[in-house]
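Chemist: The residues making up each chain are set out below.
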Amino acid sequence: MKQLLIITLILGFLTTSGQIKISGKISDNKNKPLSGVSISLKGTYDGATSDSTGAYSFTTTEQSTQQLEISLTGYNSLFQNINIGLEPITLNISLKEQITELKAVVISAGAFEASDKNKGAVLSSLDIVTTPSANGDLTSAFKSLPGTQQVGESEGLFVRGGTATESKIYMDGNLVNNFFFTSTPGIATRGRFNPFLFKGTVFSTGGYSALYGQALSSALILESNDLPEKTEADVSVSVVGVGGGIQHLAKDKKSSWGVSYNYANLWLAFNAIKQKQDYFQIPVAHQGDANFRIKTKKGGFLKYYGYLSSNKVGFRTSDIDSINLKNAFSIDNMNTFQNLTYKDRIGGGWKINTGISFSTNKDDIKNELLNEDNQKVTNSNQPLYQFKNFSLTNLSRYAQARFVLEKRIKGISAIRFGSDYFYSNEQSTYTLFNGAKFTDKITDHLYAGFAETDIYLTNNLAAKVGARAEHSQIINKWNIAPRVSLAYKLADNSQASFAYGIFYQNPERRLLPAAAGIDYSKAAHYIFQYTRQTKDFTLRTELFYKKYDDLYKTVSGNSGNFLAHNNDGFGEAKGIELFWRDKKTIKNVDYWFSYSYLDTKRDFLNYPKSIRPSFAARHTAAFVFKRFVLPWKTGFNFSYNFATGRPYYNIAFDSTLGKFAIADQGETINYNNVSISVNFLPNLGKKDARSFAVWVLGINNVLGQSQIFTYNYSNNGNRKEAVTPPSKRFVFIGCFLSFGTDRTQDAINNNL
Amino acid sequence: MKKLTLFSFVLMISTAPFAQSEKFSAAMKKNLDAMEASFKSKTDIISMANNFERIANAEKNQWLPFYYAAFCQVNGAFMEQDKSKVDGIADKASVLIAKADSLSPNNSEVSCIKSMIASSHMMVDPMQRWQEYGAESSGNLEAAIAQDPTNPRPYYLKGQSLIYTPEQFGGGCKTAKIALQTSLDKFTAFKPATELNPNWGKQQVENLMKECK
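Protein sequences, first through last, are from chains A and B. The first sequence: position 381 = 381 (the working numbering), numbered continuously. The second sequence: position 32 = 32 (the working numbering), numbered continuously.
A couple of the hints might just be wrong.
Here are the simulated DSSO-like pairs of lysine-lysine, each with C-alpha atoms no more than 30 angstroms apart in a straight line [unchecked claim]:
id, chain 1, residue 1, chain 2, residue 2
1, B, Lys177, A, Lys42
2, A, Lys42, B, Lys85
3, B, Lys191, A, Lys42
Selected chain B positions facing chain A (Cβ under 7 angstroms, derived; list incomplete) [as the list claims (entries may be wrong)]:
id, residue
4, Ala27
5, Val86
6, Gly88
7, Ile163
8, Ala189
9, Lys191
10, Thr194
In short, the hints are calculated from the structure, not lab data. Note that the structure is predicted; figures quoted are calculated from it, not measured. Even glycine gets a Cβ: it sits at the ideal position worked out from N, Cα and C.
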């Protein structure tokens, strides 16, 4: 009995005063103290939180083997078994920082990202449409970033000494073949797609991933929207046309569908603003699109986007080879694009990203030589004039299939690999003045395989290493292109990156059919980048060197065209670029500045020697300024684009030398363009308003500064004519209405 | 003596479950009493969140400690000056409130915390995140009101967000005060189900009312 009493007493003693103290210090793996760390004895209330010196201490009445959990947001949790006896326990612990996308260095050399979510993005999705010089055109907004040229006489992105055909555009991983409306002489056409279709854009000015190929200079990677926030309808009316659409979100918010139609007609605009060209067919376009998006159980997406358009344009310009004759040029175009993609998790840590796309493009192009009374001139017997009466029909069909498999390995490191198949079938018929027809058909099957790995050694050091192999039937050879990028975090907000890669590209369509034995053209990129970025401030500089090899040299074909003859061309480009964006220093004002210096030379096509190409200005700069005045519900945007003069050449066949030579050359005047846009949102903040309206006024080249892009030469070289914009200024006025949801954020649309 | 031991033994067994919930109430009460003072510093509030989380993980079936742990974490997120750390803290709060939600579904108080978490994410970059997190925050407040119309806290949170919303967007003191007054009226009638249930906010509403004069 007595013994029992003693035991109870001892037990009682233990439970009341038998508290064991557990204490220690918590640090990171660099021995810096960590505060706010939770230390808890699993399954009990006992535990503590470390203080600013990393110290913690608590007492417990638990006994024998227990598990201690040590955790802190952003660090890997640690579980430690401890044996609680009668002695106090001292336990010092070091925690390892988690490698997370949020903290890790961003592999960014060469790339500009426009996104609302991703870290490292320099533009938001909205910036693309509120940059006044872009006129709401997706790719034009990127001309206010370093690396691109202010080329106004033709469409596309001319990046770091490369031609526009060296830049390729991808939608959800699939190549978009006819991203722009068909070229017209001397006038840059717009991109076909509405900028609001995309939630994110990566514009790579070099050194891009092995997942993409067939572009010597640049890849523009567009990522389409996921589900819309709400069901809504919208209507737009502007000086360039009318449009409307519906986006319908299913009740369970798991799927959506949408259709839209847009009719563009420039009759009103061209009557109000005099155009240099004399239009007999005012530009008219019908564009329709449809989409559906289905969210899968595991958070993946099945997405379809289909596009159909038909457009016409026809205009007269004076003929450069004569005093009073004119050329009447017209295009009738039909274009379709279908894109189906699927991405999902497939178990075991694997992700799949796959897609197929089909597109067709048909152009009926016609040129006629006219007299003063706009009558067709058919009685000339001079070949120079006879050949100006021609027609050209192009019919292209493209298909692509693609898959990428990805697996996370340890933290955020990953491996991915996959394959691409591209089919192209391009048929063209060239009809001469005398009815003689030249038809050619180019088909190609291009297979590509690629593999890539992202390696995050720590939050501060990451590498992306990959390679791509391609086989094109036209070339009938394999190529292998290695790609490497490294990124190292210098301090919390700054990092240095390096990228290297080899890029291959087939001859563009107009240089085909090529001579036998033709090879891929090739470019090697070396990029060094320094970035400092906080939420409100970005500074980035890039130094690059690009070496071109095996560029295509051409010979004359039988219908006045030039065909790829051999790979004797070469070139190089080097330069330095600066980008500065500041949203903080001036209240309510957001501005950015970009500058590019480019030193490039190349010998390709019919160039007689290595020269600075006509699309390369030495200095290019852009300044964009935005301010939203809340009480007025109005946004004011201003942009100034500048470039020094570009060289121009008259490269003509010299019959005495028996080869092409530079008959004349010069440099254009500097390029200046000041543009403004004003967006007025009258229903802003009216929560119960049934519709949301945005009024837009945009003026391009407000000051009417004269712009000369290049010069055209007459056949005999005696006369040159400046290529200038179709009108001094362009004024856009439009109203965009949406019903069903408040579109404050994305409503500041310019032109659709 | 024998009887006494037997008695104490019986007593021990019979009071065990009771002692368990007594221990829970006591620990909760102790922390709730200290909670207000902890709001003065970021480190104290995270420490308080950890205290609640330990209780929550030990109990497993009680929604309240998860709720308070999330509440302290989200307030810690609001107090964090380093914007790059806010999302991590708010995510931690989300994990905790999700557990409270599964233990007590359709709970108006839980919806309030979800709204606060969305707001803390939004505050990192209001211009860019307004559309996504603003909608999530107000959606949860609407849910909170629907789940329990007598709860004064959703009206307090609504009023608070209206104060910081520009007038052009339908915010400002004028509209905020309507919500705050509704909240005050509901506080007068509000009785928490137990002394451990949420009963915070009245003081904050009164402070905001003063600020809005």
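Chemist: For every hint, state whether the structure bears it out.
Modeler: Here is how each hint holds up against the structure:
| no. | hint | result |
| --- | --- | --- |
| 1 | B:Lys177 to A:Lys42 | 46 angstroms, violated |
| 2 | A:Lys42 to B:Lys85 | 26 angstroms, holds |
| 3 | B:Lys191 to A:Lys42 | 34 angstroms, violated |
| 4 | Ala27 | 5 angstroms, holds |
| 5 | Val86 | 11 angstroms, violated |
| 6 | Gly88 | 5 angstroms, holds |
| 7 | Ile163 | 15 angstroms, violated |
| 8 | Ala189 | 28 angstroms, violated |
| 9 | Lys191 | 28 angstroms, violated |
| 10 | Thr194 | 19 angstroms, violated |
In summary, the structure is inconsistent with hints 1, 3, 5, 7, 8, 9 and 10 from the numbered list given earlier, while agreeing with the others.
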